[in-house]
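> Residue numbers (my numbering), protein chains in the order written: chain H, 1 to 514; chain X, 1 to 514.
Derived from the structure by calculation, the hints contain no laboratory data. Even glycine gets a Cβ: it sits at the ideal position worked out from N, Cα and C. A portion of the hints provided could be inaccurate.
Pair ranges (Cβ atoms, derived) [stated by the list, open to error]:
id	chain 1	residue 1	chain 2	residue 2	range
1	H	Asp403	X	Ser468	21 to 31 Å
2	X	Arg293	H	Gly167	53 to 63 Å
3	X	Pro470	H	Ile447	31 to 41 Å
4	X	Gly167	H	Gln255	50 to 60 Å
5	X	Gly130	H	Arg500	22 to 32 Å
6	H	Gly335	X	Ser490	44 to 54 Å
7	X	Gly335	H	Asp403	43 to 53 Å
8	H	Asp183	X	Ser468	48 to 58 Å
9	X	Asp210	H	Thr504	51 to 61 Å
10	X	Gly167	H	Glu290	28 to 38 Å
Number of protein chains: 2
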Amino acid sequence: MNGAEAAIQSLRDGGVEVCFANPGTTEMHLVAALDAVGGIRPVPALFEGVVTGAADGYARMAGRPALSLLHLGPGFANGIANLHNARRAGLPQVVLIGDHASWHADADAPLASDVESLARPVSAWLRRAGPAPQLGRDAAEALAAARSVPGGVATLIVPADSAWGDGGRAVAALPPTVAPAPDGARVDEAARALREAARPLLLLGPQLLDEAGLACAARVAAASEARLAVDTFPVRLERGAGRPAVEKIPYFPEQVLEMLASVDLLLLVGARAPVAFFGYPGGASRLVPEGCRALELASPEQDAPAALAALADALGTAAHLPPVAAAAPPGLPTGALDPRSLGAAVAALQPEGAIVVEEALTCGLPYWLGSVNAAPHTYLALTGGAIGQGPPSATGAAIACPDRPVIDLQADGSGMYTLQALWTQARESLDVKTIVCANRSYRILRIELARAGVAEPGPAATRFTELSDPALDWVSLARGMGVPGERADSADALVASLRRALATPGPYLVEALL
Amino acid sequence: MNGAEAAIQSLRDGGVEVCFANPGTTEMHLVAALDAVGGIRPVPALFEGVVTGAADGYARMAGRPALSLLHLGPGFANGIANLHNARRAGLPQVVLIGDHASWHADADAPLASDVESLARPVSAWLRRAGPAPQLGRDAAEALAAARSVPGGVATLIVPADSAWGDGGRAVAALPPTVAPAPDGARVDEAARALREAARPLLLLGPQLLDEAGLACAARVAAASEARLAVDTFPVRLERGAGRPAVEKIPYFPEQVLEMLASVDLLLLVGARAPVAFFGYPGGASRLVPEGCRALELASPEQDAPAALAALADALGTAAHLPPVAAAAPPGLPTGALDPRSLGAAVAALQPEGAIVVEEALTCGLPYWLGSVNAAPHTYLALTGGAIGQGPPSATGAAIACPDRPVIDLQADGSGMYTLQALWTQARESLDVKTIVCANRSYRILRIELARAGVAEPGPAATRFTELSDPALDWVSLARGMGVPGERADSADALVASLRRALATPGPYLVEALL
Chain H
1 MNGAEAAIQS LRDGGVEVCF ANPGTTEMHL VAALDAVGGI RPVPALFEGV VTGAADGYAR
61 MAGRPALSLL HLGPGFANGI ANLHNARRAG LPQVVLIGDH ASWHADADAP LASDVESLAR
121 PVSAWLRRAG PAPQLGRDAA EALAAARSVP GGVATLIVPA DSAWGDGGRA VAALPPTVAP
181 APDGARVDEA ARALREAARP LLLLGPQLLD EAGLACAARV AAASEARLAV DTFPVRLERG
241 AGRPAVEKIP YFPEQVLEML ASVDLLLLVG ARAPVAFFGY PGGASRLVPE GCRALELASP
301 EQDAPAALAA LADALGTAAH LPPVAAAAPP GLPTGALDPR SLGAAVAALQ PEGAIVVEEA
361 LTCGLPYWLG SVNAAPHTYL ALTGGAIGQG PPSATGAAIA CPDRPVIDLQ ADGSGMYTLQ
421 ALWTQARESL DVKTIVCANR SYRILRIELA RAGVAEPGPA ATRFTELSDP ALDWVSLARG
481 MGVPGERADS ADALVASLRR ALATPGPYLV EALL
Chain X
1 MNGAEAAIQS LRDGGVEVCF ANPGTTEMHL VAALDAVGGI RPVPALFEGV VTGAADGYAR
61 MAGRPALSLL HLGPGFANGI ANLHNARRAG LPQVVLIGDH ASWHADADAP LASDVESLAR
121 PVSAWLRRAG PAPQLGRDAA EALAAARSVP GGVATLIVPA DSAWGDGGRA VAALPPTVAP
181 APDGARVDEA ARALREAARP LLLLGPQLLD EAGLACAARV AAASEARLAV DTFPVRLERG
241 AGRPAVEKIP YFPEQVLEML ASVDLLLLVG ARAPVAFFGY PGGASRLVPE GCRALELASP
301 EQDAPAALAA LADALGTAAH LPPVAAAAPP GLPTGALDPR SLGAAVAALQ PEGAIVVEEA
361 LTCGLPYWLG SVNAAPHTYL ALTGGAIGQG PPSATGAAIA CPDRPVIDLQ ADGSGMYTLQ
421 ALWTQARESL DVKTIVCANR SYRILRIELA RAGVAEPGPA ATRFTELSDP ALDWVSLARG
481 MGVPGERADS ADALVASLRR ALATPGPYLV EALL
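Next comes chain H alone, as it looks inside the complex (with noise of 0.2 Å):
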């Protein structure tokens, strides 16, 4: 076998069975393989940021990495954005690059790049693959690095002759690092300054925020009384009706000053301690208020889950039940639609088990609170805050699980950095319903620019954050890409329209006009 065969042997083998891709010619015989070797699912993007955060909703939901073919350094640049989310997930991802063949990398080609230079800054791991017969152990290692505690991106450069080479061997998985066990005086302390805290607050990090992490986290908060807390923009959270509830770090710094100013312990549990999302004149950095005692339990690198049940098991039997939220589902909105009529109408529609990818911005609050009491599901957020992660990450998600139904609820603005994943919905007949939050502005950087002293925006500043003028259609865009839709005006418009998608097997897009 060549060495494309040989990588992508080794990666199925090693458990990939998804391809996300937006090839060039430098791939075709990575493409070739996947023909020849098959068991890996082709799933095709129309642009490269698609691909990447496709694989990142993927691997959100389905905990392992699907595989993203990306072409030289340009198709991989288109990328960066979504990569860059994932790395700050902690997502798995392995990544190959097709590259000019190592021969004519000195004639320093049109399509010549410093792909190193591009990578490094997104990727956990990152390696300029050898010739063909070391291509199968690269790939391998390449998985093996991706699936590894924290995960992460794995980027692996191939050469075209590396690819075509003959000699190709494939290699069976090798085994990912595993995290580092609790530290047993780690868990005695944070036991200890639990039970001497008034107010304590636990920060979980992204490997507690499935079922069993939150049933663990729920059995410390009723031991001691603690509340619960995610980071701002969580990689994944179970939530809704009979689930923990658990509160998000807010957005702007001196939000988060304020509500851990209530607060005596922090707990870090497999998170870091919270920083601002910008700076600000005269604005703090980091974000943990003196009269806070923050306390590392596990670090993201650590094996959380297992010290959050060491903490547990530390803390004996629960002296309160947990606090859940209540099963009543929210009511339907009726009358204008805004922010929040818009997230109670989400709220209270979404079906049981719905996986809801939230990139609704300055929408996402107003949603957020109004879905404590929703039906069950599960919750992704823009980890990373580079926009255009929503479309494709509901994609992958939707290619992870696909029994379920999928829920962008998406802000205009950064949907049009991704929209090209709506084709990709249409192509593989996923269960995606978007919901266009059209505010017709960037509105969060109307807030920024009040923020930075303008109270009245000039005209270049009105311009760059105003999208009305010509308005974006969102339906007569979806319909470009195959996804039928419709546009809501009203809070019982948008009811109606709802029911329509969720009943509509496929993709379906709500434009609702706020």
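Please build the complex by placing chain X on the supplied structure of chain H, with the hints as guidance.
Only chain X this time, still in chain H's reference frame:
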């Protein structure tokens, strides 16, 4: 004034007239400075690849840099592909990246990344700005670097506290580095070689492709009976009836070798010797065959027009009139729509003075061949090879030349990379006519698959190279962004559609169904 105002005023005083942007929080003070300073036109885009691609088209036609405003590492990364093209074309562009406040860098906030590592591969000049009092000078130096020969991408990373900090001071325009004068001995050697050569060919670099450069090249060609050629993807070429006939280096390496097999002297005038666009098994890397002497008159970094003028003088009066394209316009096609009739229709109808942006890939050569005698026009190609350049480059060209019609002859697969440019065309009422070559496939990749030995593509190869199922509906996509459009499925229908498009002010899209 603050640092941002000093930077913007320095750029404006240095001749920057347009700012393309998709700003975020860390650029709000720079946006506010655009309003405070005035005199720079703000042109918004809905994706950063449109920003940098529009600056590319603007620079090609205006001959000077625009300002691009990008957001942190991920926002910048979205613009890298078209910056790669600008780098390969040697086009000037000043890029300001708003980064986190310097005192916030240590916090490693979610959107923090290694911006320098991302920017280095595409930047001819790269700097992290100093504090506010230095920002004016930093901006002026960036502008001078961009305007040097060969032009380039000058990237200035602006920490937010440098932008908002006090004590800014605008700096008057600094002189760009002037390209070195031609080497007299080189000129003499080139003249001697041309006199001795039986079948010489002049390969003209980007500095020579305006009317003055081509006229000079035609004088040399007339005196020496040399053929004239340009790179496969010229930055900018004046073409059409009455202008010197210029060949193009073909795309595939074996075609280049065949073309140059009949050449005994390849005179490089501000151009590099041809290399393969991609390496193939058993193929060549550098494409100057034995028996063909490559001689450099001027490098792309030198003053190639002066060198060519000196050569023309050395060769003396022309023995023959230079070959020019006939004035007879090409005829209108009829019958089926295919790449040939599509190219013929555009060539026949394009108005005098049109700017033709050609990212048509497999439909590009038929148009090139069919438009030799078209009305005089300016031709811009996909220099650098990173797809998704056409729609934004056409947008920027229209901003630079508001009185000239712009035609974007656009492959469908590539167009999907940066379709958001259509909205900017509508927002700015630009006279851009987009003609989508809708073959509904990555046709070039089917050819590349065959070259890789895959005669019968398997399921993965098929899925990754077909754009059907569902077919893209470009008319709906355009409508979604406020651009009117229509579909044509025969040569006759296309002729009627193009006439309507050209008669309609503002942007228009014609989907040519192949």
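> Each of the hints needs a verdict: does it hold here or not?
For each hint, the structure was consulted:
Between H:Asp403 and X:Ser468 the Cβ separation comes to about 27 Å, which falls inside the hinted range of 21 to 31 Å. Hint check: X:Arg293 to H:Gly167, Cβ distance near 39 Å, so the stated range 53 to 63 Å is violated. For X:Pro470 and H:Ile447, the hinted distance range of 31 to 41 Å is satisfied, since their beta carbons lie about 38 Å from each other. For X:Gly167 paired with H:Gln255, a C-beta distance near 31 Å fails the hint of 50 to 60 Å.
The given range of 22 to 32 Å is broken by X:Gly130 and H:Arg500, whose C-beta atoms sit roughly 57 Å from each other. A hinted range of 44 to 54 Å holds for the C-beta pair H:Gly335 and X:Ser490, which are about 51 Å apart. Range check, X:Gly335 to H:Asp403: about 50 Å between beta-carbon atoms, so the 43 to 53 Å window is met. With their beta carbons about 57 Å apart, H:Asp183 and X:Ser468 fall inside the hinted range of 48 to 58 Å.
Roughly 56 Å separates the CB atoms of X:Asp210 and H:Thr504, a value that falls within the hinted 51 to 61 Å. Remark: the range hint 28 to 38 Å for X:Gly167 to H:Glu290 is upheld by a beta-carbon distance near 32 Å.
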